[in-house]
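Colleague: Below, each chain spelled out in residue letters.
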Amino acid sequence: MYSEKVMDHFSNPRNVGEMENPSGVGTVGNAKCGDIMRIYLDIDENSVIQDIKFKTFGCGAAVATSSMATELVKGKTVNEALKITNRSVMEALDGLPPVKIHCSLLAEEAIHAALWDYATKNNLVIEGLKKPKSDVHEEEEELVY
Amino acid sequence: MYSEKVMDHFSNPRNVGEMENPSGVGTVGNAKCGDIMRIYLDIDENSVIQDIKFKTFGCGAAVATSSMATELVKGKTVNEALKITNRSVMEALDGLPPVKIHCSLLAEEAIHAALWDYATKNNLVIEGLKKPKSDVHEEEEELVY
Amino acid sequence: MENKIYLDNAATTKVRPEVVETMLPYFTEQYGNPSSVYEFASQSKIAVDEAREAIAKSINADKPDIYFTSGGTEADNWAIVATAEAYKDKGNHIITSKFEHHAVLHTCEYLERRGYEVTYIDVNENGIIDLDQLKNEIRPTTILITIMFANNEIGTIQPIKEIGQIAKDNNVLFHTDAVQAYTHLDIDVKDLNIDMLSASAHKLKGPKGIGFLYIRKGIKNRSFIHGGAQERRRRAGTENVPSIMGFAKAVEINMATIKERTEKELELRNILMKRVLSEVPFTRLNGDKNRRLSNNLNFSFQFIEGESLLIMLDMKNICASSGSACTSGALDPSHVLLSIGLPHEIAHGSLRLTLCEENTEEEINYTVDMIKEIVQKLRDMSPLYEDFIKKQNRR
Amino acid sequence: MENKIYLDNAATTKVRPEVVETMLPYFTEQYGNPSSVYEFASQSKIAVDEAREAIAKSINADKPDIYFTSGGTEADNWAIVATAEAYKDKGNHIITSKFEHHAVLHTCEYLERRGYEVTYIDVNENGIIDLDQLKNEIRPTTILITIMFANNEIGTIQPIKEIGQIAKDNNVLFHTDAVQAYTHLDIDVKDLNIDMLSASAHKLKGPKGIGFLYIRKGIKNRSFIHGGAQERRRRAGTENVPSIMGFAKAVEINMATIKERTEKELELRNILMKRVLSEVPFTRLNGDKNRRLSNNLNFSFQFIEGESLLIMLDMKNICASSGSACTSGALDPSHVLLSIGLPHEIAHGSLRLTLCEENTEEEINYTVDMIKEIVQKLRDMSPLYEDFIKKQNRR
Ligand SMILES: Cc1ncc(COP(=O)(O)O)c(C=O)c1O
Ligand SMILES: Cc1ncc(COP(=O)(O)O)c(C=O)c1O
Chain A
1 MYSEKVMDHF SNPRNVGEME NPSGVGTVGN AKCGDIMRIY LDIDENSVIQ
51 DIKFKTFGCG AAVATSSMAT ELVKGKTVNE ALKITNRSVM EALDGLPPVK
101 IHCSLLAEEA IHAALWDYAT KNNLVIEGLK KPKSDVHEEE EELVY
Chain B
1 MYSEKVMDHF SNPRNVGEME NPSGVGTVGN AKCGDIMRIY LDIDENSVIQ
51 DIKFKTFGCG AAVATSSMAT ELVKGKTVNE ALKITNRSVM EALDGLPPVK
101 IHCSLLAEEA IHAALWDYAT KNNLVIEGLK KPKSDVHEEE EELVY
Chain C
1 MENKIYLDNA ATTKVRPEVV ETMLPYFTEQ YGNPSSVYEF ASQSKIAVDE
51 AREAIAKSIN ADKPDIYFTS GGTEADNWAI VATAEAYKDK GNHIITSKFE
101 HHAVLHTCEY LERRGYEVTY IDVNENGIID LDQLKNEIRP TTILITIMFA
151 NNEIGTIQPI KEIGQIAKDN NVLFHTDAVQ AYTHLDIDVK DLNIDMLSAS
201 AHKLKGPKGI GFLYIRKGIK NRSFIHGGAQ ERRRRAGTEN VPSIMGFAKA
251 VEINMATIKE RTEKELELRN ILMKRVLSEV PFTRLNGDKN RRLSNNLNFS
301 FQFIEGESLL IMLDMKNICA SSGSACTSGA LDPSHVLLSI GLPHEIAHGS
351 LRLTLCEENT EEEINYTVDM IKEIVQKLRD MSPLYEDFIK KQNRR
Chain D
1 MENKIYLDNA ATTKVRPEVV ETMLPYFTEQ YGNPSSVYEF ASQSKIAVDE
51 AREAIAKSIN ADKPDIYFTS GGTEADNWAI VATAEAYKDK GNHIITSKFE
101 HHAVLHTCEY LERRGYEVTY IDVNENGIID LDQLKNEIRP TTILITIMFA
151 NNEIGTIQPI KEIGQIAKDN NVLFHTDAVQ AYTHLDIDVK DLNIDMLSAS
201 AHKLKGPKGI GFLYIRKGIK NRSFIHGGAQ ERRRRAGTEN VPSIMGFAKA
251 VEINMATIKE RTEKELELRN ILMKRVLSEV PFTRLNGDKN RRLSNNLNFS
301 FQFIEGESLL IMLDMKNICA SSGSACTSGA LDPSHVLLSI GLPHEIAHGS
351 LRLTLCEENT EEEINYTVDM IKEIVQKLRD MSPLYEDFIK KQNRR
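Residue numbers (the working numbering), protein chains in the order written: chain A, 1 to 145; chain B, 1 to 145; chain C, 1 to 395; chain D, 1 to 395.
A few of these clues could be false.
Stated by the list, open to error - Heads up, simulated DSBU-like pairs for lysine-lysine below, C-alpha to C-alpha not over 35 Å straight-line:
#	chain 1	residue 1	chain 2	residue 2
1	D	220	D	88
2	B	53	B	76
3	C	98	B	32
4	C	90	D	220
5	C	289	C	220
6	D	316	C	98
7	D	220	C	45
8	C	45	A	5
9	C	264	C	220
10	D	377	A	130
Said to hold, decoys possible - Now the in silico label distances, taken between C-beta atoms and shown as ranges:
#	chain 1	residue 1	chain 2	residue 2	range
11	B	87	D	60	30 to 38 Å
12	B	71	C	390	44 to 52 Å
13	C	64	D	113	23 to 31 Å
14	B	48	C	390	26 to 34 Å
15	D	64	B	124	34 to 42 Å
16	D	131	C	25	42 to 50 Å
17	C	140	D	229	33 to 41 Å
18	A	11	C	25	51 to 59 Å
19	D	256	C	25	25 to 33 Å
20	D	62	C	136	21 to 29 Å
It should be emphasised that the hints constitute simulated quantities derived from the structure, not laboratory data.
We put the CB at the ideal spot given by N, CA and C, even for glycine.
Model the full assembly from the supplied sequences, consistent with the hints where possible.
Modeller: Listed below in structure tokens is the structure:
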């Protein structure tokens with residue numbers, strides 16, 4: 001079902017953990033739908049993401065996209081991080097099964113939520129960053145009986 | 001599908017043939033339904049069936065019941081012959097598959113038809129003998145879809 | 001002959017040993033349910049996927065358009081019932097032919113009892129449907145044309161491309177029951193404008209109980225069997241993995257050998273045909289002499305009845321089939337033989353021989369010898385023949 | 001462990017070697033079509049007849065009341081759709097439960113879209129349907145009650161005898177989906193007042209793609225798949241002879257071993273249950289502890305999600321199943337777990353282990369060890385667990 005890269009990031013997720021006094025933290029998804037992602041960011045005075053940690057409750061794809069997203073974001077500036085979309089994460093993972101695409105959306109959303117928290121705490125306006133929705137759904141395929 | 005007795009009478013039918021100047025001849029069934037039976041009777045002055053011949057166009061059961069019916073009838077008096085029903089023929093054959101029961105009716109009917117012909121030719125009234133129908137059907141099982 | 005001579009390949013076939021070989025591991029080793037998450041089960045999923053691919057290729061279809069079913073009958077039912085339901089806003093009229101398989105006819109009758117209208121197109125004396133009538137019967141409310149690719153009793157091949165074109169020109173869906181034709185003839189669903197196609201594995205040396213329905217992408221087709229999300233949510237029920245694998249293997253072998261098989265079958269069939277027609281008097285061949293499946297022959301022997309003939313052939317170890325009513329317990333003989341205009345009494349005396357490339361010339365010649373002997377024996381017992389001879393002698 | 005540990009016997013089972021052995025001759029030797037006239041084919045007919053007899057006996061049914069189908073899903077569809085059609089003059093109301101298999105639920109939904117009314121009875125927290133509600137919901141227009149014998153996810157066994165009595169008292173037909181229960185529990189359709197019963201071979205070490213519907217004589221039931229005259233004209237399509245033979249063999253073995261198998265399963269299951277419940281904190285067992293199939297366990301591990309757990313178990317060579325939405329690509333977790341009142345986030349973290357008598361104690365203990373390790377690993381990664389621990393520490 002999953003690519004080798006997904007399996008690798010799932011079984012050895014990078015940057016799992018918590019952070020004391022993060023610059024920003026964001027939690028998205030909801031337990032009802034089976035996916036929750038939390039991202040902690042440590043951002044320095046040059047807007048560079050020095051460290052990132054995540055925690056995820058969710059399926060294999062959710063864990064792997066969280067892990068990959070943290071890798072892609074770490075060391076980037078805030079503006080660079082904003083350009084990392086769910087597509088970039090999916091590509092970096094060599095793709096996801098169609099029913100799992102919503103997981104990659106969640107990863108993008110979680111980073112944005114953490115950045116929003118950072119911006120709010122520091123009274124910054126980050127161009128292109130919108131207030132995160134708390135929940136990310138995918139359009140469901142029409143069921144034919 | 002068929003009992004051994006049916007198969008025996010089918011593969012070695014008794015009394016197949018025609019008869020010159022029979023005392024009575026009866027043909028029943030119709031080609032449309034796939035069954036025609038013809039019985040020739042040679043009846044002596046004591047009302048004893050001295051000889052009997054048949055010809056049948058029809059399935060294995062039709063041939064076998066014709067053959068068995070002729071055996072049961074041969075040497076009997078007309079009144080005895082009248083008592084030979086499709087049940088007696090079936091029993092003598094160790095039974096028939098349900099869809100083939102109409103064949104045994106045909107055999108009974110054919111003998112009756114030949115007897116009727118004999119009675120008509122000789123201006124006799126044989127008690128219990130009715131004018132034969134030309135065609136014998138079985139009630140069809142209701143088809144459920 | 002000591003060994004059985006099997007000449008009833010249109011009824012069912014002997015499964016190829018390679019096919020059984022292919023199926024075996026899926027019973028006791030790779031038995032996982034393709035819907036499960038773990039690696040072990042995904043092997044089944046991948047296998048089914050490859051089988052679907054191979055089968056799609058064989059009719060030039062796209063892989064996702066092949067839906068496995070429990071056989072040809074289910075595929076026919078599905079195609080017709082689900083189309084009727086999905087397109088009922090457009091209309092309630094279906095066109096089929098008088099000599100379809102019962103899987104199609106009885107399904108149409110079922111729909112008639114539910115308010116649909118069905119037109120049954122005539123078949124000509126050669127066993128080919130009437131294209132002009134087909135064209136004329138199309139109405140604005142026509143939603144489906146379902147005409148078989150090749151007939152199962154007389155083997156005649158229908159003008160599928162023309163039907164496909166007529167359907168397309170009139171914006172009507174076209175389903176074909178290709179159970180008898182599939183892997184015996186080359187089929188290209190795109191070239192032939194086929195929207196839906198039914199097939200069954202046990203007619204092509206694959207296992208019983210597995211078939212498929214091809215549904216061209218874009219067709220609004222509902223599912224027929226509801227439940228789990230298998231077959232892209234259109235056909236519920238745990239996938240029959242071993243049978244699917246066997247089906248694909250049988251298709252693969254048959255497609256690779258289609259030319260040799262056809263040649264061999266034609267060779268044997270022509271010997272059989274020529275000898276029977278020239279050596280058994282009062283005999284006719286049913287169905288067009290040329291536009292028929294290479295393995296099919298259907299004769300009518302006047303004055304005799306088919307079941308008796310079958311049983312006597314059986315005693316000689318020859319397996320064959322008949323359109324006689326008596327074989328089915330009905331009173332009317334085969335609707336197929338009646339559809340081509342045979343009188344009842346002639347239809348009753350029919351014999352279908354469907355061979356395969358594994359039959360031998362020796363078997364064929366023995367069969368003809370036996371037919372000759374048995375037909376004569378039955379005629380000697382037949383009141384119809386007696387009458388005929390007497391009439392001739394009176395002349 | 002090097003070898004795969006298969007704990008997903010409710011999804012499908014490994015076919016018994018004796019079953020494959022039984023099937024084999026019907027592919028390449030006795031391959032005749034049971035509907036054919038000749039002796040060779042009547043061997044198939046007799047074989048199918050014997051299989052039907054054996055299966056009928058296993059549920060104390062009469063032989064002609066067993067109709068072979070392509071599996072449990074088709075049997076469920078048939079029972080429900082055909083009853084709805086046959087009894088529509090009496091009424092349009094069907095009663096089922098909230099936690100039926102999709103084969104029943106989606107068929108009921110299909111009928112709802114066609115004007116039928118369906119009541120979905122509640123299930124209590126132990127996974128047993130509410131009998132009082134069932135009684136109260138019966139209306140003069142109720143034509144069918146369809147309630148499963150044992151649930152496929154949580155294994156709970158329903159009060160079938162009581163349901164049968166209620167149905168009988170109210171002159172309503174009773175169908176039960178016994179796919180999970182058949183040959184695992186003793187079933188007597190007469191004693192239990194069951195009018196129709198669905199079963200499937202691949203859940204009992206028989207082949208995939210074969211099942212049956214029992215229809216008590218006297219019930220006005222139409223056919224669902226139309227065509228040839230097979231199965232007493234009620235289920236068209238060439239009989240799947242090898243699979244029918246394999247099915248009967250599997251049933252025979254299972255019925256003969258039901259006692260030992262159950263004992264062995266209970267022994268293993270109880271080890272597994274006790275260890276998991278005592279060694280993994282924040283864990284619950286779903287479904288009644290006693291009124292459940294001897295081979296079924298269903299746990300919810302708080303704070304984690306089921307698919308992740310499955311994949312990690314898979315990496316340790318353990319095959320299991322989950323009621324997590326993510327395993328099916330849906331957003332909502334299993335309707336079964338929601339029906340017994342589990343909150344979504346708990347339902348997502350569920351694990352179904354269904355063993356068989358061939359599992360070993362060693363496998364079971366290894367599985368528990370792995371569950372412990374993996375659950376902890378996933379909790380360490382879970383934001384829900386993090387929040388929970390923080391909250392506890394604040395107290
Ligand atoms: C309770 C229940 N009903 C029906 C089915 C469907 O059976 P099948 O896969 O044979 O169609 C299953 C299994 O998938 C089941 O567990
Ligand atoms: C033309 C045709 N259609 C449909 C069928 C039914 O196929 P199956 O036996 O696989 O259900 C058959 C064979 O019986 C057939 O010959």
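Colleague: Each hint needs a verdict: does it hold in this structure or not?
Modeller: Each hint, compared with the structure:
1. D:220 <-> D:88: 11 Å, holds
2. B:53 <-> B:76: Within the cut-off at roughly 14 Å; holds.
3. C:98 <-> B:32: 19 Å, holds
4. C:90 <-> D:220: 33 Å, holds
5. C:289 <-> C:220: 39 Å, violated
6. D:316 <-> C:98: 60 Å, violated
7. D:220 <-> C:45: 39 Å, violated
8. C:45 <-> A:5: 21 Å, holds
9. C:264 <-> C:220: 42 Å, violated
10. D:377 <-> A:130: 34 Å, holds
11. B:87 <-> D:60: 30 to 38 Å: 33 Å, holds
12. B:71 <-> C:390: 44 to 52 Å: 26 Å, violated
13. C:64 <-> D:113: 23 to 31 Å: 25 Å Cβ-Cβ, so the 23 to 31 Å window holds.
14. B:48 <-> C:390: 26 to 34 Å: Given range 26 to 34 Å: holds, Cβ gap about 29 Å.
15. D:64 <-> B:124: 34 to 42 Å: The hinted range 34 to 42 Å is violated for residue 64 of chain D and residue 124 of chain B, with Cβ atoms some 48 Å apart.
16. D:131 <-> C:25: 42 to 50 Å: Cβ of residue 131 of chain D to Cβ of residue 25 of chain C: about 46 Å, so the range 42 to 50 Å holds.
17. C:140 <-> D:229: 33 to 41 Å: The hinted range 33 to 41 Å holds for residue 140 of chain C and residue 229 of chain D, with Cβ atoms some 36 Å apart.
18. A:11 <-> C:25: 51 to 59 Å: 29 Å, violated
19. D:256 <-> C:25: 25 to 33 Å: 27 Å, holds
20. D:62 <-> C:136: 21 to 29 Å: At roughly 51 Å between Cβ atoms, residue 136 of chain C and residue 62 of chain D fall outside 21 to 29 Å, so the hint is violated.
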